[in-house]
Amino acid sequence: MSFSGVLSQLLEIVIAIALAPLLSGWVNQWRAWLQNRSAPGLLQPYRMLHKLFNKESMVADHASSLFRMAPYLKFGCMVLACSIIPTLSTDLPLAPAADTIALVGLFALARVFISLAAMDIGTAFGSMGARREMLVGFLAEPALLTVLFSASLISKSTSLTTIVETLAHRDFAIYPGMAFAAVAFLMVSLAENARVPIDNPATHLELTMLHEALLLEYSGRHLALLEWAASLKLFAYSCIGLALFFPWGIAEARAPAAMLLALPALLFKLGVGGFLVAVWETVNAKMRIFRVPEFLATAFLLAVLGMLVQLLLAR
Amino acid sequence: MSALLPQFVNLLGAVLLLLAFAMTSQRRMLALIHLFTMQGATLALATAVVGYVTRQHHLYLSAGLTVVLKVLLIPWLLHRVLDRLGIRRDVETLINIPTTMLIGIGVVIFAFNLSIPISHLSSALASGTLGIALACVLLSFLMMITRTKAVPQVIGFLAMENGLFFAATAATYGMPMVVELGIGLDVLVGVLILGVFMFQIREQFDSLDIHHLEQLKDD
Amino acid sequence: MTQEALALALLLACPLAGAAVLALCGHRERARDLNVTFSCGTFFAACALAMHVVRAGPVLLWDNAFYVDALNVFLLTLTALVGLTTAVFSRPYMRVESDHGKMTAPRLRLYHSMYQLFSFTMLLALSTNNMGIIWVAMEAATLTTVLLVSVYRTAASLEAAWKYFILCGVGIAQALFGTVLLYMAAEKVMPPGGGALLWSNLDAVKGQLDPDVITLAFAFLFIGYGTKVGLVPVHNWLPDAHAEGPTPVSAVLSGLLLNVALYAVLRCKVLTDGALHGNALSGRLMMGFGLLSVVAAVFFLIRQRDVKRMFAYSSIEHMGMMTFAFGMGGPIATYAGLLHMTVHSLIKSAIFFAVGHATQKAGTQLMDGIRGLLKISPTVAWGLMIGTLAILGMPPFGVFASEFLILTTAMRDHPWATPLLLIALAVAFASVFGRVQGMVFGETSVKPLAHRPALVPVFVHLTLGLMLGLYIPPYLDAWYRQAAAMIGN
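Chains as they are written, first to last, in our numbering: chain A, 1 to 315; chain B, 316 to 534; chain C, 535 to 1023.
Treat the hints with care, as some may be off.
[Unchecked claim] Ranges of calculated distance between the beta carbons of each label pair, as one might list FRET restraints:
no., chain 1, residue 1, chain 2, residue 2, range
1, C, Gly-741, B, Ile-431, 39 to 45 angstroms
2, B, His-349, C, Ala-738, 44 to 50 angstroms
3, A, Ala-124, B, Gln-322, 52 to 58 angstroms
4, A, Leu-34, B, Ala-346, 21 to 27 angstroms
5, A, Asn-284, C, Asp-597, 46 to 52 angstroms
6, B, Pro-432, C, Trp-950, 30 to 36 angstroms
7, C, Gln-742, B, Leu-376, 27 to 33 angstroms
8, C, Phe-578, B, Ile-431, 52 to 58 angstroms
9, A, Val-283, C, Asp-597, 56 to 62 angstroms
10, A, Asn-284, C, Leu-900, 56 to 62 angstroms
[Said to hold, decoys possible] Not close to chain C: a few residues of chain B, all C-beta gaps over 12 angstroms, as computed:
no., residue
11, Val-368
12, Gly-379
13, Gly-401
No lab work stands behind these hints, which were simulated from the structure alone.
Just so you know, these numbers come straight off a predicted model, no measurement behind them.
Yeah, the Cβ is synthetic: ideal placement off N, Cα and C, and Gly gets one too.
Just need the whole structure built from these sequences, with the hints factored in.
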């Protein structure tokens, strides 16, 4: 384990934790502008977190310890996920600990605990949200896995760092299968991060809400952690997308100096991506909850199709 | 650069397949026509690229023909038919969409499997494209089976023709010109006839639902 | 221009010019006669071409674009002959339809023009040397017949035409894919220059074609053209199109279009057999679907109440029989298949002529409504009766001869198939004969018509069918032998 490796690993984790709320703020700001509203400041998520951390954390009388534990668990999962996704460099000492399958597992673990916690209180909204979250999850996870497998077919490895190294530093080539995978991945990440066609992140008012229903019973620092974790999840998915489909600019293991260039590249790519998400959320409307399985089934089938095309054309 | 162009043809093939899949799962009539137009444009681009790579200049002509017929003329005709008949409602399907898509995946696997033993014989330019083209053809076929309205059936028919043209272009650098012209003429006349038919079916049944066309049975 | 080139030019130009002229004046009184005149010109051109080919062997014309050999020249002549007699039959038929108000002036124009164009597309499909053009011509034939079937604009005819278009469109798209595959395989073994789809070139190199590709290509071509032949899993369009179109169209559909489609299959089979070096895959495929068509069609046939639908199913049965015969291969079965093709064309169109007059007299196509034809018009009644006996395989007629040959060959090579064929034939005989007996004899329910029916075509066809059963003229025999030697391996 080299010094530069430890450095880049630490830097990545710090950047992920620090920048994740900023990304959420950026998307929210652009969305407000595009919808002709006056926007909250870019730093609004930080202020929100600060406020929540300073508040008392109220917990229902009959909540079990699971309920208290879940926010920490989810936050931890997301930080770990962010630490194994190559954002700045592929020289990550933690990366061998978990490949893409384990990454999907991490997201699943967080999902299971937060759903259990939502059911723990026994309110109607919590249970409904948990049920829907599990529905989305069980449809989205295979799709995500298949997308990652398509990429693995190219690099012959399920390790994310290897995939990025293969894609970014080999001679430029067009992989048609990845076009399908990209569309599928986009659909999955919208669903997983509770963005527009599946859920509206800006509202608590609809009976159809998904993500917010899980958090209804939380307050204070627990809520702050969960909001932060949600930002981290968006950040993590954005980074997986960038790593798979736009990997250029990520520094290689033997070139620590390239990280100086990698940071602006990452910020630029995230900025553009955030803007596009805002545009997407502005021009599209939320779909009926009954259409969600169809949406995710499409994503899954596209991912499978991408893998098939990859197999056919690789011959 | 020269290594990228064949990959680009592959990419266009994949896009064609993606569009065929999107059409199979599309509910809205207008979106279906847009997808068909996009498919035509992709096909024309692929044809032109293959023509450029292989220096087969008659492919430019074929690409031009595709643009005129399948990007401009036929979509325009279809839009006119929709306007004149006042069709704006969603497309109804016989099988629900997720099931259709699952069958679609099966169809794609079948097509790819069928094409693998012979893909070594197709042009060196794009050895996988034959399977993609076959998958496009069969997916359009599936779409024709699962739709109950006349317009989507026609679009499925035309999409099938797109897949066949792609097969001819990518696997063999295009059929002889006289054959291609003949096929183009047949397609055009076919669409015109079908367009006339749609008005007549509408007149007779007051609807474009193919369910009305089930009077003739064996008994 | 040489003599044969002149004949071929005339053969193709006649119907094309006819289509153009009749598109302008097809609604006039004279149009019916003009239609006959153009068909007559086509027939004479076909005879001239046939005489030349029988005497001097196969010819390649105009830059190898056209190829006429023993196989297609016999079909060309048959097509031109039936085209002519059907035109003759359609004169009084269409006059009655106009009197009933079913054919208005624009419809008559469409009908006459499309009739000639349809003849042109069939002749083009038969005479071209290019496998791609065969496809184009078959598709064009579909388009023209779609217009012909829907000419009455009734709900039922529109349904039939729509089904016909969609099903055949889909089917024939598969054939195009097969053609692409064929072209792909041919390009590998042929010098560049665009000749890779010409049948004469393909025939020369068929031994070198890649077997895998050709197998797949044949599967697609067989599905595609088989849809137009009316083979069983994909036959649904055929009874509807026959029943709902005008009767002359039913006659040419059954008598000619199905033959042309089978011809396309045969051309593909020759190439496939050559490429697969004695592997009988194509033959097995054809035998299987042929047998299935024979058996299935008979069981559909029993349940019909509409007379044209019943005979449409009988066409499916006979096309299945021919496909089975060509699938068995060998000189005798192929000879029998060709003979069956000829007599079926002649007799089935004769039956449709008679049926056309009968339905016009009765005012219905339902068999329960047609009773006692014999009392009103004995000639039509006898024409129908004799035609039915002939198509069911009664001895003196040609169908008996060809079916006998097919059955004996099947008995020798594939004994398991013989009982199936025999049962199918017996069931078909019992049900069709019973029905037709009721239509011909008994108390009458039909009315006489204002115009004299055209009975010459019926009896010309029946006489020819009878002659082929008793005696095959030596030149015709030589002709069949040449063609059989070419396609039967």
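Here is how each hint holds up against the structure:
no.: 1; hint: C:Gly-741 <-> B:Ile-431: 39 to 45 angstroms; result: violated (25 angstroms)
no.: 2; hint: B:His-349 <-> C:Ala-738: 44 to 50 angstroms; result: holds (48 angstroms)
no.: 3; hint: A:Ala-124 <-> B:Gln-322: 52 to 58 angstroms; result: holds (53 angstroms)
no.: 4; hint: A:Leu-34 <-> B:Ala-346: 21 to 27 angstroms; result: holds (23 angstroms)
no.: 5; hint: A:Asn-284 <-> C:Asp-597: 46 to 52 angstroms; result: violated (58 angstroms)
no.: 6; hint: B:Pro-432 <-> C:Trp-950: 30 to 36 angstroms; result: holds (31 angstroms)
no.: 7; hint: C:Gln-742 <-> B:Leu-376: 27 to 33 angstroms; result: holds (31 angstroms)
no.: 8; hint: C:Phe-578 <-> B:Ile-431: 52 to 58 angstroms; result: holds (53 angstroms)
no.: 9; hint: A:Val-283 <-> C:Asp-597: 56 to 62 angstroms; result: holds (57 angstroms)
no.: 10; hint: A:Asn-284 <-> C:Leu-900: 56 to 62 angstroms; result: holds (57 angstroms)
no.: 11; hint: Val-368; result: holds (16 angstroms)
no.: 12; hint: Gly-379; result: holds (19 angstroms)
no.: 13; hint: Gly-401; result: holds (20 angstroms)
Hint compliance for this structure: hints 1, 5 are broken, all remaining hints hold.
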